[in-house]
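All chains, please: the whole structure from these sequences, using the hints.
Number of protein chains: 2
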Amino acid sequence: MANVAIMGYGTVGSGVYEILKTNSKNITRRARGEEINIKRILDIRDFEDHPEKELFTKDFNDILNDDSIEVIVEVMGGLHPAYEFTKSLLEAGKSVVTSNKELVATHGTELLKIAVDKNCNYLFEASVGGGIPIIRPMHQCLTANNIQRITGILNGTTNFILNEMIKNGSTFEEALADAQKRGYAERNPAADIEGHDACRKIAILASLASGVFVDYNDIKTEGITNITLDDVRYVRSIGGVVKLIGYAEFMEDGKIYSVVCPMIVNNTSPLAGVDGVFNAIMVTGDYVGDVMFYGKGAGKLPTASAVVADVIDEVNHLERSKRIQWVKADKEVMASPDDKKFCYFVRTNRGAVTVKSLFEGCRFVESIVAGEIAFVTAPLSPSERDEKFKELGSVVSSLRILQ
Amino acid sequence: MANVAIMGYGTVGSGVYEILKTNSKNITRRARGEEINIKRILDIRDFEDHPEKELFTKDFNDILNDDSIEVIVEVMGGLHPAYEFTKSLLEAGKSVVTSNKELVATHGTELLKIAVDKNCNYLFEASVGGGIPIIRPMHQCLTANNIQRITGILNGTTNFILNEMIKNGSTFEEALADAQKRGYAERNPAADIEGHDACRKIAILASLASGVFVDYNDIKTEGITNITLDDVRYVRSIGGVVKLIGYAEFMEDGKIYSVVCPMIVNNTSPLAGVDGVFNAIMVTGDYVGDVMFYGKGAGKLPTASAVVADVIDEVNHLERSKRIQWVKADKEVMASPDDKKFCYFVRTNRGAVTVKSLFEGCRFVESIVAGEIAFVTAPLSPSERDEKFKELGSVVSSLRILQ
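Protein chains in written order, with this note's numbering: chain A, 1 to 403; chain B, 1 to 403.
Heads up, some of the hints might be wrong.
Stated by the list, open to error - Cβ-Cβ distance ranges computed for the label pairs, FRET-style:
hint : chain 1 : residue 1 : chain 2 : residue 2 : range
1    : A       : Asp218    : B       : Asp66     : 43 to 51 Å
2    : B       : Asp286    : A       : Arg182    : 16 to 24 Å
3    : B       : Glu174    : A       : Ser398    : 50 to 58 Å
Said to hold, decoys possible - Computed list of lysine-lysine pairs in DSSO-like fashion (alpha-carbon distance at most 30 Å, straight line):
hint : chain 1 : residue 1 : chain 2 : residue 2
4    : B       : Lys300    : A       : Lys25
5    : A       : Lys39     : B       : Lys322
6    : B       : Lys25     : A       : Lys113
7    : A       : Lys113    : B       : Lys322
8    : A       : Lys25     : B       : Lys340
9    : A       : Lys118    : A       : Lys39
10   : A       : Lys255    : B       : Lys300
11   : A       : Lys167    : B       : Lys255
12   : A       : Lys328    : A       : Lys255
13   : A       : Lys328    : B       : Lys331
14   : A       : Lys340    : B       : Lys87
15   : A       : Lys25     : B       : Lys255
16   : A       : Lys331    : B       : Lys25
17   : B       : Lys331    : A       : Lys25
18   : A       : Lys25     : B       : Lys167
19   : B       : Lys167    : A       : Lys21
20   : B       : Lys25     : A       : Lys21
21   : B       : Lys25     : A       : Lys25
22   : A       : Lys255    : B       : Lys340
23   : B       : Lys328    : A       : Lys21
24   : B       : Lys322    : A       : Lys118
25   : A       : Lys181    : A       : Lys167
26   : B       : Lys25     : A       : Lys118
27   : B       : Lys118    : A       : Lys328
28   : B       : Lys21     : A       : Lys25
29   : A       : Lys21     : B       : Lys331
30   : B       : Lys300    : A       : Lys300
31   : B       : Lys21     : A       : Lys331
32   : B       : Lys331    : A       : Lys255
Hints listed in this document are in silico derivations from the structure and should not be mistaken for laboratory results.
Source: prediction; values computed, not measured.
Glycine is no exception: its CB is placed at the ideal position from the N, C-alpha and C atoms.
Put into structure tokens, the structure is as follows:
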């Protein structure tokens with residue numbers, strides 16, 4: 001029997017409890033006959049009506065000091081006290097399984113090192129892509145490859161909103177309200193719609209792929225709040241869709257270029273068909289080419305099922321470090337924004353002659369808004385783009401095109 | 001240093017050699033500092049011009065009896081002598097990594113048991129989906145779930161052919177010739193176009209998911225040779241595409257329903273957008289819902305990269321059985337074909353009145369071929385379908401619709 005504790009009995013925590021209870025027979029088989037027993041649940045709230053209310057505690061020490069508990073599920077969310085708790089547990093040689101992307105993205109370097117040093121594990125499959133297997137496939141299945149690029153639809157809320165705009169002609173505000181009504185978006189949706197959630201996830205994936213810590217603060221992040229229905233219609237007319245993309249490219253000089261922003265995805269890309277609250281992560285390796293992982297990127301049970309899979313894996317590997325690790329580089333690791341060029345879709349109120357003279361090699365797109373001209377540029381760096389936009393004087397909107 | 005041997009220096013074998021040589025620095029890092037050294041290559045052919053010709057041997061005993069070789073890559077293909085060699089190696093406690101779907105589907109039960117008994121491993125990530133991580137994600141990442149369904153586009157050759165028919169209006173014969181010209185199809189393409197290749201792969205996935213041996217001989221298999229351009233056009237008119245689908249459903253009574261045949265995939269499914277030689281496998285779990293794995297399902301380097309990932313994983317787990325296993329059930333494991341109903345798309349030369357009277361609840365589709373009527377049936381079992389088709393007397397073609 002393997003004893004586990006759950007820290008945080010919210011949406012994901014109660015999902016982990018539910019899965020471990022209802023699917024226990026199958027889980028025991030997967031854990032090589034070890035029954036997984038929930039010994040403690042930590043939460044500051046009262047759960048007097050819970051059928052196993054005796055498991056609940058408000059005292060972290062009941063878990064830390066219980067030598068029979070070997071694996072702890074941290075699904076509290078937020079940095080504090082999740083960080084302090086996780087650190088103490090790993091230092092005590094206990095393995096921790098988490099869905100806390102904020103914590104992994106911020107303190108992963110330190111926590112993973114402690115786990116390696118203490119011969120235990122800090123597992124975080126559920127922190128990116130919810131129920132989609134992505135961390136372990138990247139760490140174990142694509143190991144023969146040098147990863148060249150990661151392109152992800154990493155946030156279900158924004159993908160739902162954009163999809164409603166694309167498919168149903170809803171405005172951004174209508175789609176956001178709908179997402180909130182369905183429980184896909186928080187009452188304060190900033191972390192999603194401003195791109196911060198996707199940014200933490202791409203930072204984790206980029207760190208994992210490179211072995212070098214990528215600080216999410218260094219990733220230029222732009223949300224979807226400025227996308228209009230006219231943008232969406234224009235993009236459809238050129239055979240694409242707008243998606244919020246978390247992008248990381250591993251350059252030949254060893255540096256990492258990363259950005260989070262809405263991009264135009266060509267309809268021929270498998271990412272274009274990723275609808276609603278689904279997520280997808282395309283990983284490009286030098287030998288395997290493009291592989292894509294698709295599924296529900298959030299939600300109680302999908303996320304909890306990824307947590308439970310990590311718990312089972314850990315029970316199968318007790319006292320055996322998986323050595324998942326990334327380290328802080330001693331020199332600058334991020335490429336300059338100007339190291340990467342994109343083509344841009346641009347709408348302007350200026351005339352075709354001006355556009356042509358400024359944007360060499362541009363291609364005009366049939367206008368669908370009176371008084372506007374729309375075009376696609378040749379590849380430009382952000383500096384080149386900004387300079388040309390300044391000279392143009394009028395930019396209604398502009399969007400990067402994913403290549 | 002970990003010594004490995006490669007058995008079979010064909011397309012995949014030379015790809016494994018190439019990747020281990022050119023990506024050795026990165027691979028050593030992934031193998032926790034263990035350099036992976038190719039000590040022997042077994043092939044019956046001569047490779048006098050090879051830069052490491054001294055590695056080649058025609059004598060299997062040079063590998064079997066070399067105690068320093070711990071991991072062997074079997075990429076010979078075919079059943080014999082691959083089966084005998086693999087069995088001898090596993091019995092000697094050496095781990096074997098393979099891309100040989102034929103061998104895994106036929107003798108996997110026995111070979112996996114030997115590996116477990118001898119505390120070594122028989123790994124076969126490359127046997128299904130080429131470079132796509134699917135075996136390990138199913139075995140390690142979806143463990144919290146009861147797998148309900150597997151729906152796969154498992155053969156790149158047929159997907160390329162169907163795609164050429166759908167996108168470019170090629171006939172089946174033209175598309176097959178094109179596939180052969182590009183090297184996607186063998187000169188004798190039967191294994192691909194008759195569905196046998198996809199059948200072996202779905203049998204492996206179904207065995208892995210259920211823990212029970214699914215014999216590919218028990219899976220009804222139909223290829224794509226009867227699909228015409230008119231079928232493809234009809235299917236487009238009802239918002240779908242024709243794909244060769246390997247299907248396995250794990251029924252509530254514990255039985256397994258499996259079939260390989262062309263099916264109509266609705267355009268809203270992420271499987272519909274899987275074009276060209278790409279493969280995709282959709283796995284449905286009770287908690288995670290649908291997850292899909294997409295990528296190059298064949299080809300020298302994608303497949304070899306999956307083999308090398310298994311080698312790295314094995315080097316990281318020497319003398320530690322992963323206990324991947326399925327067993328022969330002591331009672332019938334396969335569901336009867338009649339346990340599963342599908343809706344069918346049907347073309348006939350009979351009149352609407354006859355169709356209506358025979359197919360209750362059917363829905364007519366606008367005809368695009370003179371003198372024909374086309375319709376979609378309500379869900380039917382194969383017996384019900386066959387009986388009604390017999391009464392109808394004229395069926396130009398019929399296709400299952402994937403739900």
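Evaluated hints:
One distance hint, 43 to 51 Å for the beta-carbon pair Asp218 of chain A and Asp66 of chain B, holds here, with the actual separation near 50 Å. With their beta carbons about 22 Å apart, Asp286 of chain B and Arg182 of chain A fall inside the hinted range of 16 to 24 Å. Against the hinted window of 50 to 58 Å, the Cβ-Cβ separation of Glu174 of chain B and Ser398 of chain A comes to about 43 Å, which falls outside the hint. Distance check on the hinted pair: Lys300 of chain B and Lys25 of chain A sit about 40 Å apart at the alpha-carbon level, beyond 30 Å; violated.
Proximity of Lys39 of chain A to Lys322 of chain B is assessed by CA-CA distance (about 27 Å); at most 30 Å being required, the pair is judged to hold. The suggested pairing of Lys25 of chain B with Lys113 of chain A holds, with an alpha-carbon distance near 22 Å, which does not exceed 30 Å. Among the hinted pairs, Lys113 of chain A with Lys322 of chain B is consistent with the structure: their alpha-carbon atoms are about 25 Å apart, no more than 30 Å. Restraint check: the Cα-Cα separation between Lys25 of chain A and Lys340 of chain B comes to about 27 Å, which is no more than 30 Å; the hinted pair holds.
About 23 Å separates the Cα atoms of Lys118 of chain A and Lys39 of chain A, which keeps this hinted pair within 30 Å; it holds. Using a Cα cut-off of 30 Å, the hinted pair Lys255 of chain A and Lys300 of chain B holds, with the two alpha carbons roughly 29 Å apart. For the given pair, Lys167 of chain A sits about 39 Å from Lys255 of chain B by alpha-carbon distance, which is inconsistent with the 30 Å threshold. About 13 Å separates the Cα atoms of Lys328 of chain A and Lys255 of chain A, which keeps this hinted pair within 30 Å; it holds.
Restraint check: the Cα-Cα separation between Lys328 of chain A and Lys331 of chain B comes to about 56 Å, which exceeds 30 Å; the hinted pair is violated. A C-alpha spacing of about 52 Å is found between Lys340 of chain A and Lys87 of chain B, which places the hinted pair above 30 Å, so the restraint is violated. Note on Lys25 of chain A and Lys255 of chain B: the hinted pairing holds, with a Cα-Cα distance of about 18 Å set against a maximum of 30 Å. Taking the CA atoms of Lys331 of chain A and Lys25 of chain B, the gap is near 21 Å; set against the 30 Å cutoff, the hint holds.
Of the pairs offered as hints, the one joining Lys331 of chain B and Lys25 of chain A holds, with about 21 Å between alpha carbons and a cut-off of 30 Å not exceeded. With a C-alpha separation of about 47 Å, the suggested pairing of Lys25 of chain A with Lys167 of chain B is violated against the 30 Å cut-off. Taken as a hint, the Lys167 of chain B and Lys21 of chain A pair is broken in the structure, with Cα atoms around 49 Å apart against an allowance of 30 Å. In summary, the hint linking Lys25 of chain B to Lys21 of chain A is not supported, as the alpha carbons are separated by about 44 Å, beyond the 30 Å threshold.
Restraint check for Lys25 of chain B and Lys25 of chain A: not satisfied, since their Cα atoms lie roughly 43 Å apart, outside the 30 Å limit. The hinted pair formed by Lys255 of chain A and Lys340 of chain B fails the criterion: a straight-line CA distance of about 53 Å is larger than 30 Å. At roughly 29 Å between alpha-carbon atoms, Lys328 of chain B and Lys21 of chain A fall within 30 Å of each other, so this suggested pair holds. Distance hint between Lys322 of chain B and Lys118 of chain A is fulfilled; the C-alpha atoms sit about 23 Å from each other, no more than 30 Å.
With a CA separation close to 18 Å, the supplied pair Lys181 of chain A and Lys167 of chain A stays within the 30 Å bound. Distance check on the hinted pair: Lys25 of chain B and Lys118 of chain A sit about 26 Å apart at the alpha-carbon level, within 30 Å; holds. For the given pair, Lys118 of chain B sits about 41 Å from Lys328 of chain A by alpha-carbon distance, which is inconsistent with the 30 Å threshold. With a C-alpha separation of about 44 Å, the suggested pairing of Lys21 of chain B with Lys25 of chain A is violated against the 30 Å cut-off.
About 29 Å separates the Cα atoms of Lys21 of chain A and Lys331 of chain B, which keeps this hinted pair within 30 Å; it holds. A C-alpha spacing of about 40 Å is found between Lys300 of chain B and Lys300 of chain A, which places the hinted pair above 30 Å, so the restraint is violated. Only pairs whose Cα atoms come within 30 Å are accepted, and Lys21 of chain B paired with Lys331 of chain A is accepted, the gap being roughly 29 Å. Among the hinted pairs, Lys331 of chain B with Lys255 of chain A is inconsistent with the structure: their alpha-carbon atoms are about 58 Å apart, more than 30 Å.
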